[in-house]
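**Student:** These protein sequence lines are chains E and U, in that order.
For the first sequence, the working numbering begins at 1 and goes up steadily by one.
For the second sequence, the working numbering begins at 1001 and goes up steadily by one.
These are calculated hints, taken from the structure and not from any lab test.
The reader is advised that the hints may include incorrect statements.
Pulled a few chain E residues facing chain U out of the computed Cβ check, cut under 10 Å [as the list claims (entries may be wrong)]:
| no. | residue |
| --- | --- |
| 1 | G91 |
| 2 | L95 |
| 3 | P104 |
| 4 | P113 |
| 5 | E140 |
Okay, the calculated bits of chain E under chain U, using three or more residues with CB under 8 Å as the criterion [stated by the list, open to error]:
| no. | region |
| --- | --- |
| 6 | 105 to 111 |
| 7 | 126 to 136 |
Every residue, glycine too, gets a C-beta built ideally from N, C-alpha and C.
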Amino acid sequence: MVGMSFLRTAAAFTARLNPLKRTCQASNLLSRTVARSEQVVVRHGSHGKRMFIIKPTDFYDRRFLHLLKYYIILAGIPMAALVTFVNVFIGESELAEIPEGYEPEHWEYYKHPITRWIARTFYDSPVKDYEKMMALIQIEAEKAEMRQLQLEVRRHMREKGDGPWFQIQTLDKNLIDHSPKSSPDN
Amino acid sequence: MPKDHDKDVYPEPPSRTPVEDRQSSLPNPALILSKLFYYSVDLPVTTFRGIQSGKKSHYYHQKFRRVPELTQCQEGDYVCYYEAEMQWRRDYKVDQEIVKVIQERLRACQQREGPSYSQNCYKELQQFEQVSKAFQSRYGDLGAYASARKCLMKQKERMMAEQHAFATSST
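Produce the entire structure from the sequences given, and follow the hints as far as they go.
**Tutor:** Next comes the structure, spelled out in structure tokens:
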């Protein structure tokens, strides 16, 4: 108690000594007393008093946005330049009738040069894809047919019993010893 | 821009530019923007391409042979099913594009005629109505997973409904 009153008197004494430097007094912050500020019109040559604005951190948000912009522009500018040059200097193809006796390559059915390049370099021709799909379907159809046939054959062989499946091997008849029953009075 | 296709081969309907009837004295922003684009991008590129001789590359429209349809396939002939399905899908796309062309014509007509479009665009309107009714009846509610089989079943339903209506109306 005595210490506290001593501190308070010390604070009051320092406040009296330099009345201008009274902004950051702990008693003001804790006890909700507002220091009366004399409102004078002061013209500074600068933007005013420098303030330390207390707000939550925006470091992570700004870092994220910076990295996002960086990585997008890193790939975006070369791609945009490439596409611009292709459009300006190479240009799109023109539509024409298919000449007699000429079979166009599969990339010659597209208009834009980049699409044509992708179709030429990476993709198989649609005719080839079609044939691949038909081959797969043919294989699967044959497999299904084989399986159906096998079930049918099983059924027949089980029923009739004269086929190679469902045979149970029995012992040879010649191995049977008929001697116990061969003579009647034994 | 270089011309897209030969206009004699794929002719567009003749354009009828109407007499301009400006009712406001403000400049037309669409006109300003189009002129800007023309002088900044279009003209330099076209002159550049005109100077450049270079061999022109062409692109073609692919022609597909007709294959037997789903109704002409043997049962269990899955390869035939696949070919019929692919043909049906191509025909579906072609029909969608046909509807889009008719829509475009109607839109252009309405833009041209302004408030009196319902009277002046009668032909386009009738054509659009006919085409969209036909499209709806054939491909209408097939959905995203449409297939040739579903379309065939829809046709069967349509024919059954027609027969039913005919039978009930005649008795």
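**Student:** Is the shortest C-beta separation between G91 (chain E) and chain U less than 10 Å?
**Tutor:** holds, 6 Å
**Student:** Next item in the hint list is L95 (chain E). Is there a CB on chain U closer than 10 Å to its CB?
**Tutor:** Hint holds; L95 (chain E) Cβ to chain U Cβ min 4 Å, cut 10 Å.
**Student:** Please count how many residues of the region 105 to 111 of chain E have a CB within 8 Å of a CB from chain U and say whether that reaches 3.
**Tutor:** holds (count 4)
**Student:** Holds or violated: the hint that P104 (chain E) contacts chain U, with Cβ atoms closer than 10 Å.
**Tutor:** holds, 5 Å
**Student:** Given a cut of 10 Å on the nearest C-beta pair, is the interface hint for E140 (chain E) held or broken against chain U?
**Tutor:** holds, 7 Å
**Student:** Is the interface hint satisfied for P113 (chain E)? The criterion is a beta-carbon contact with chain U at less than 10 Å.
**Tutor:** holds, 7 Å
**Student:** The region 126 to 136 of chain E covered by chain U? Criterion: 3 or more residues, Cβ-Cβ distance below 8 Å.
**Tutor:** Coverage by chain U holds here, the residue count being 3 at a Cβ distance below 8 Å.
In summary, the structure agrees with every hint in the numbered list given earlier.
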